[in-house]
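Peer 1: Sequence:
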Amino acid sequence: MPRLEDTQVYDRDEEEDDLLNRNRRRVVRLWEDFIDFAFQGNVLEIAFGLILATMFTALVTSFVSDIVLPPISVLLPLNKNLEEKFAVLRSGANHPEEGYNTLKQAQADGAVVMAYGFFMNRLLNFMGVGFSLYSIASIYQFMSKDPIIKKTIRCQYCCKFVNINSIRCINCTSWLDGREDILLHQYHQQHQQQQHQQQIPTPSLPPNNGTQGAPPPAPQELQEAPQAPPLPAEEQVPRNRNRDGGVRIEQIPA
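In terms of the UniProt record's numbering, the sequence shown opens at residue 1 and continues consecutively.
Simulated from the structure, these hints should not be mistaken for lab results.
Misleading hints may appear alongside valid ones.
What the hints assert, rightly or not - Cross-link-like lysine to aspartate or glutamate pairs, in silico, EDC-like; alpha carbons within 20 Å at most:
#: 1; residue 1: Lys160; residue 2: Asp146
#: 2; residue 1: Lys151; residue 2: Asp177
#: 3; residue 1: Lys150; residue 2: Asp177
#: 4; residue 1: Lys80; residue 2: Glu97
#: 5; residue 1: Lys85; residue 2: Asp66
#: 6; residue 1: Lys85; residue 2: Glu97
#: 7; residue 1: Lys80; residue 2: Asp66
#: 8; residue 1: Lys104; residue 2: Glu84
#: 9; residue 1: Lys85; residue 2: Glu98
#: 10; residue 1: Lys160; residue 2: Asp181
#: 11; residue 1: Lys85; residue 2: Asp109
#: 12; residue 1: Lys160; residue 2: Asp177
#: 13; residue 1: Lys104; residue 2: Glu83
#: 14; residue 1: Lys80; residue 2: Glu98
Unchecked claim - Estimated spans, in silico, between C-beta atoms of each pair:
#: 15; residue 1: Lys160; residue 2: Glu97; range: 41 to 47 Å
#: 16; residue 1: Ile148; residue 2: Ser174; range: 24 to 30 Å
#: 17; residue 1: Tyr157; residue 2: Val74; range: 49 to 55 Å
#: 18; residue 1: Leu133; residue 2: Val27; range: 39 to 45 Å
#: 19; residue 1: Arg25; residue 2: Ile67; range: 54 to 60 Å
#: 20; residue 1: Ser174; residue 2: Phe131; range: 32 to 38 Å
#: 21; residue 1: Ile148; residue 2: Asp17; range: 55 to 61 Å
#: 22; residue 1: Cys159; residue 2: His188; range: 18 to 24 Å
#: 23; residue 1: Ile149; residue 2: Arg25; range: 49 to 55 Å
#: 24; residue 1: Met143; residue 2: Asn165; range: 19 to 25 Å
A virtual CB, placed ideally from N, CA and C, is assigned to each residue, including glycine.
Starting from the given sequences, assemble the full structure and let the hints guide the process.
Peer 2: Below, the structure written as structure tokens:
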């Protein structure tokens, strides 16, 4: 029979092997997940795009700062580069009488300055980068017929911009092909007809007291009209009835 100590040692070795295998599987799974995340198509495209964008931005910034701004500083009445133009709002402790020469000197002295030249430099860099990207996109669109620059129009119902080829607004779901105007016109027509029908008064019928079909009473004006006076006695025509029920008219003596 195996001894009890040997059985315990064997069980302990199995537990250690299971723990090592479990940790190894976790590490392998973590590494595989990282590989799947890092080398999938979208992440690589984004990484390449960011690298190219950073290099392109540095190139345009150098072009604006080193090529464009120096001629502007010469043509304009500026005694220094555009980046070094600033206004001192509050002087520092060691403010020289002739003023600060550079922006770094003023900032080192603790002066409060408004660096409008630095802002103008950044603004020109932004405009240069934007115009360069627009030019590249226009050339690429012309060569490849791929609509990178998509024209937009303003929706007349929600006043938000949508694609010019859109049939329905993505924001308010309104139709942009004119059917909304037709439906709105039909709705207004129906609403006006309903209002017109509500404004027309309906004739009120007299109460039915069992006299349905009887002629209406004569107007009050005819009832109150004066009657004609009776004829004189000599002008009246006496009428007698015959035996057969007919009417016999007698002549009046002259």
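Peer 1: Does each hint fit the structure? Answer for all of them.
Peer 2: We went through each hint and held it up to the structure:
no.: 1; hint: Lys160 - Asp146; verdict: violated (25 Å)
no.: 2; hint: Lys151 - Asp177; verdict: holds (17 Å)
no.: 3; hint: Lys150 - Asp177; verdict: holds (19 Å)
no.: 4; hint: Lys80 - Glu97; verdict: holds (19 Å)
no.: 5; hint: Lys85 - Asp66; verdict: holds (16 Å)
no.: 6; hint: Lys85 - Glu97; verdict: holds (18 Å)
no.: 7; hint: Lys80 - Asp66; verdict: holds (14 Å)
no.: 8; hint: Lys104 - Glu84; verdict: holds (9 Å)
no.: 9; hint: Lys85 - Glu98; verdict: holds (15 Å)
no.: 10; hint: Lys160 - Asp181; verdict: holds (18 Å)
no.: 11; hint: Lys85 - Asp109; verdict: holds (17 Å)
no.: 12; hint: Lys160 - Asp177; verdict: holds (16 Å)
no.: 13; hint: Lys104 - Glu83; verdict: holds (11 Å)
no.: 14; hint: Lys80 - Glu98; verdict: holds (15 Å)
no.: 15; hint: Lys160 - Glu97: 41 to 47 Å; verdict: violated (58 Å)
no.: 16; hint: Ile148 - Ser174: 24 to 30 Å; verdict: holds (27 Å)
no.: 17; hint: Tyr157 - Val74: 49 to 55 Å; verdict: holds (53 Å)
no.: 18; hint: Leu133 - Val27: 39 to 45 Å; verdict: holds (44 Å)
no.: 19; hint: Arg25 - Ile67: 54 to 60 Å; verdict: holds (59 Å)
no.: 20; hint: Ser174 - Phe131: 32 to 38 Å; verdict: holds (35 Å)
no.: 21; hint: Ile148 - Asp17: 55 to 61 Å; verdict: holds (58 Å)
no.: 22; hint: Cys159 - His188: 18 to 24 Å; verdict: holds (22 Å)
no.: 23; hint: Ile149 - Arg25: 49 to 55 Å; verdict: holds (51 Å)
no.: 24; hint: Met143 - Asn165: 19 to 25 Å; verdict: holds (21 Å)
In terms of the numbered hints stated before, the structure departs from hints 1, 15, listed from lowest to highest.
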